[in-house]
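Peer 1: Those protein sequence lines, which keep their order, are chains A, B, C and D. Quick note on numbering: the first sequence equals residues 1 to 486 in this note's numbering. Quick note on numbering: the second sequence equals residues 1 to 165 in this note's numbering. Quick note on numbering: the third sequence equals residues 1 to 618 in this note's numbering. Quick note on numbering: the fourth sequence equals residues 1 to 103 in this note's numbering.
Some hints here could point you the wrong way.
Simulated crosslink set (PhoX-like; lysine-lysine; CA at most 25 Å straight-line) [said to hold, decoys possible]:
| # | chain 1 | residue 1 | chain 2 | residue 2 |
| --- | --- | --- | --- | --- |
| 1 | C | Lys529 | C | Lys306 |
| 2 | D | Lys102 | D | Lys88 |
| 3 | A | Lys156 | D | Lys102 |
| 4 | D | Lys88 | A | Lys156 |
| 5 | C | Lys370 | C | Lys513 |
| 6 | C | Lys529 | C | Lys513 |
| 7 | C | Lys371 | C | Lys306 |
| 8 | A | Lys156 | B | Lys134 |
| 9 | A | Lys102 | A | Lys156 |
| 10 | C | Lys160 | C | Lys371 |
| 11 | B | Lys82 | D | Lys88 |
| 12 | D | Lys88 | A | Lys102 |
| 13 | C | Lys47 | C | Lys471 |
| 14 | C | Lys371 | C | Lys513 |
| 15 | A | Lys102 | A | Lys36 |
| 16 | D | Lys102 | B | Lys82 |
Calculated from the structure, these hints are not laboratory results.
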Amino acid sequence: MDARFIPEPVHLIRFAPELLLTVFATLIMVLDPLTKEGEKHRLGILALVGLLAAAWGAAVAAANPGTAFSDMLLVDGFATFFRYLSILVGVLTLACSFAYLKREQADSGEYYALLLFSIAGQCVMVSANELIMIFIGLEISSIASYVLAGYLRDDKRNNESALKYFLLGSFATAFLLYGIAWIYGITGSTNLAEIQRVLSNRDIAPSVNLIGASAALMFVGFAFKVSAAPFQVWAPDVYQGAPAPVSAFLSAGPKAAAFAIFLRVYITAFEPIADQWQAVLWASALATMIVGNFAALLQSNIKRLLAYSSIAHAGYVLVAVTTHSQIGTAAAMFYLAAYAFMNVGAFAVVTHFARQGERYVNIEDLAGLGQRQPVTAALLSIFLLSFIGVPLTAGFFGKFYIFKAALDANLVWLTVLGLLNSAVAAYYYLRIIVVMYFHEPSESVADLQSPAPGIQAVLWASAAATLILGVFPSWVLDFAGKAALK
Amino acid sequence: MDAILFLIFAAIAVGCGVNLVVQRHPISSALSLVGVMAALAVLYLLLGAEFMAAAQMIVYAGAIMVLFVFTIMLLNAGSERKTDKALFARLFGVPALIGFIVLIGFLIRTLLPKTENVVFGTFTEGTARGVGLKLFTEYLLPFEVTSLLILIAILGAVVLARKEI
Amino acid sequence: MEHLWLIPALPLAGFALNGTVGKRLPQIAVSLIAVAMPVLSFLWVLKTLSSLGSLETAYIERYFTWIESGALNIGVDFMVDRLTAVMLLVVTGIGSLIHLYAVGYMAHEGGYYRFFAYLNLFMFFMLTLVLGANYLLMFVGWEGVGLCSYLLIGFYFVRKSAADAAKKAFIVNRIGDFGYTLALFLMFVQFGSLDFGKVFAAVAPMPVEHSAGLLTAIALLLFVGATGKSAQIPLYVWLPDAMEGPTPVSALIHAATMVTAGVYMVARSAVIYQHAPLAMEVVAIIGLLTAVLAATIGITQYDIKKVFAYSTVSQLGYMFLACGVGAFAAGIYHVVTHAFFKALLFLGAGSVIHALEGEQDLRQMGGLRKKIPITFAVLCCAWVAIAGIPPFAGYFSKDEILLAAHHHHPWMYWVGVVTAAMTAFYVSRAMFLCFFGQYRGHHHPHESPFIMWGPLAVLAALSLFGGWYFKVPNYLAPLFPLAEGGHEMALVAISVAAGVLGIGVAYVLYVVKPGLADSIASALGGFYKLVYNKYLVDELYDAAVVRPIVHGSRSLLWRVVDVGLIDGCVNGTATLARGVGGVLRAFQSGNIRNYAAWVTLGSVAVLVVLGIAVGGAR
Amino acid sequence: MPSSVPLSWYLILSAILFGLGVAGFVVRRNIITVFMSIELMLNAVNLSFIAFSYQLRQVDGHIFSFFVMVVAAAEAAVGLAIILTVFKNRATLAIDDVSSLKN
């Protein structure tokens, strides 16, 4: 056998986070039947250990950068950044889930195992250097997410959410695959660097229209996963119907990973035709911001509102992708990290507030939270202010870097329209704050217990991170800047 | 000979595909899909994809479609009722679809570099040996990672379909 | 190192202390912390200024690099020059006095610790705004003070009007901030930096733009920000409503400090404005218009705080007039004297309201000069100051402005003089209605405690002699050279006479012949009503801005009702709304097949664009 | 009659089948049929992979389509389980009835 295909130990090290996650997830599956009812949260703690081990694994892998398994994987700063981000979102989601699962009497090892598998899939995605690996990673992450979205299988909203996510997700994946098939046919390779090489060589490169068409088909798949217009339609329904911690997870983790492959494919493989896809992304970014922000104005359900807000924020990140510059990539990475914190934080409050069966998910139900639980309300306000982009919060610098990158790339109109959009967005976030502080307490807050320890930990950690990123953005931005793709 | 085989089986594939779309009863659609798959298996053979033709029959037509048929029987799914809730789908879906096919057909016809003719037997790498060699060397990692995928599928099916929590 | 950071850090510490443990502390401890921090901050400012000496050039302290990415390098830098020094003294000095006053005023209110926590937080952001050595840090303070203002306006959240006013303030300010943000980006793109020093160094050698150009755009965008924060046409509408907040807040934030941030920012950016005469002209005209418009509205109002609120808007207009005609020093001078007498007016009004147990309607007052003599005495000091009677505070600064305006365009001077007369008139009217004649209400007025009138006495002294003692333009001369040419005594005399005339007319109308004012009002009929209803500007905005947005999106309807910009009169015209809502429903019908059709449609569109339309671009 | 056909015919067949799959997804009202339409689309993609593989004289396309097949199997397992839960809770397989989450 050809010697270059025999995996070396260093290859396994580069693959360490995924391996560790798989080992722990499998362990949890095995231990699940051996764990008594009511003790299942211990498996969750094991999952937490697994995530921390995976973070350590990612650090070890980052110390040994390079490709692995005949160029299938590429461990670079970019991959490491998103590996950390995925794992981090996993940790935060896990901490929210303890209380949720206990409350819904649905604690089981499978939930934790699926969460770990999904994160493993995201880690594969973000470090993939091959369209095959991207596809498989994407599917691992997605299939686990489909199940998580429908985790409470006796809940009609969960069912519908899972069904919509699954059917539409597979539908969009088929488009992605079709695009991959074409790009393979045109370039004869599925390796990103090789594709870029062929596409940039004008003598070899075939018709630009065909390349554009395959880029378009792949765009459908990626745009769907990041909920970019006009492929954002699924997101509100799915996020609204899924269990609250899962919605938090879906809108932060898989979305960030999807952005990672979006960036990698478009900035590596399709860079030679950037002039063409830039126009499409321009329009898509604008439409995404508009749809997200204006539809969010209409919502009375807070989960749905956060879903539209997540669409709007995807629009801001798309502005950064549109620049296809290193600084834009770094801005997108920073924004995704900042968004992960504030978003999971906001969903943690929803998880806490909704109570059993997610009864209280209307904005009006939050009335009087400012008096009843001032700390929770204050923390939620921090997240909302960060969503708005008020200075000293992470959201401000996120937007600042993105629009700066856009201006550097001469996207003046997109910047102006994006800023206008973020001005509109202030209305609906503000409304939540107004309801919390300035409305008479409703009966929905009367029997509210104080948040469970896990949720409190998430709230404090996310708020601290939101503020720290707002005051010392350089810490993350330097990392992102060094890791950003050229 | 190649041309005739192609035309026959392409016709079968398209015919069965159309049937899938127009049939009201899911079981008819499922059987049509099996027909498409079988026809495609022959076309794979023509293209020199021996291993894939076999896998297509065994995995796709054999395993996956049996699962489908089984589910249809289990749920006792009858003919679908006529509803007109999906107004948008009716108004825009079909024109969009026609546009899609025309567009892709157009792109292929006019833009793909003048393609060679497919002659059976000129490409013989697609045997189990050829595929296996690649699969266990270059594509070792994705192959191993798909095991994870299957594991998740089993786990997911168990989570969703078992009797009580 | 002068440790400038201590100046904002002290109030921040106060916020942190009161915000976290204030609920459990006794009231006296909360007050002590809350008042001590601004006072210490004031003392630190004095110490710093004395050790920095003459400050002929700016003194800058760098703490750490905040953002470093590519060409962008922004540090957390604080800067003190003479302009900053003036602002620092006003903010910390007046701020301390108002904190002290608030201890008495808020003594019996709920959420005592919360109030002072917010107030200290405000001080932190305001001082950051003033000290920041670049536009981004200034923006941090700028947004922060807006946030605190929002929290404090809505402090009495049980009153719906308070919550509405808070939201209105925040939203109107967002429009202004949008302009500021755009200016920020434009400056960065053009100059590659946001540091005051670097930006101004880059602007200085550029030619003066006689037609609209880049600098004009930056200057105008900055001014859009200023119109929001400093309540100028067309964004002034939030300030009168902001009087829903507790009176010390009105005095500190909505009279003495925050609202003057726009003036400070324009003065700070003087170099940019001097290179954009077109923008200067816009600033001057907007300022002048605001001054006149707000003064006329002030004449007709009966709520004592609303009268002073419109007066604030009008006086801010004066300040921008000064900046617009190039007399930046005069503008800052007026910021200072205005801080003295307007804070005093508000605090005095608060004392009256306190005495009358919450009554704010002038028609329910009268004859109070015997019942609350100390309040009356201090308010008289503010009265003569704002009316521009020499040698009191307002006279000096207003005179500077009017002379500069005359130098620029004589007609501006004359409009300014008329406004000065109106100013004297409405303040006198309020004073006469409140303190003279017979008591018309049914409360039992009582004098306020010492802790409240103590600060009033200090402010009264400042209102009387502060203008004469603190010659701000001379101090600022290194930054803004003094205008040549002496004072034309005729012009001075005219403006003083206008003030005296205003007082006299008010005396006749409200003391000598009390019925006359009403008959004049009814003689003016429709016009009076128009002015009384604030020129229907709120309603106009409603029709021109709010409703179209409302109808653009179904939900905006109830959202804006929530905001309070309209009072539920929006039925009937929902056709368009239904149309948009219908389209939205078609997109988000919950039906999977529709979604799939949408995805297909989208993919065709993307395919057409990428596969065919731009295919030939390469 | 020529003895062989150009490769682009295969690709056009693939496009037609893909389009039929899309059509099935949009027009069919039974969830299981909709799911089968997705399978049809994946089959169409596989045909493209194998056709391109022939043109390039590479096995890589076969391997890609092999992975697509594996993924399809995994998706079928999970998808049918999801459909089962929907059916258990709603006693319907009509896709139009599963539309309670909306604006």
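Peer 1: Look at each hint and say if it fits the structure.
Peer 2: These are the hints, each one checked on the structure:
| no. | hint | result |
| --- | --- | --- |
| 1 | Lys529(C) to Lys306(C) | holds, 16 Å |
| 2 | Lys102(D) to Lys88(D) | holds, 22 Å |
| 3 | Lys156(A) to Lys102(D) | holds, 14 Å |
| 4 | Lys88(D) to Lys156(A) | holds, 10 Å |
| 5 | Lys370(C) to Lys513(C) | holds, 21 Å |
| 6 | Lys529(C) to Lys513(C) | holds, 22 Å |
| 7 | Lys371(C) to Lys306(C) | holds, 23 Å |
| 8 | Lys156(A) to Lys134(B) | violated, 45 Å |
| 9 | Lys102(A) to Lys156(A) | holds, 19 Å |
| 10 | Lys160(C) to Lys371(C) | violated, 33 Å |
| 11 | Lys82(B) to Lys88(D) | holds, 22 Å |
| 12 | Lys88(D) to Lys102(A) | holds, 24 Å |
| 13 | Lys47(C) to Lys471(C) | holds, 20 Å |
| 14 | Lys371(C) to Lys513(C) | holds, 23 Å |
| 15 | Lys102(A) to Lys36(A) | holds, 14 Å |
| 16 | Lys102(D) to Lys82(B) | holds, 21 Å |
In summary, the structure is inconsistent with hints 8 and 10 from the numbered list given earlier, while agreeing with the others.
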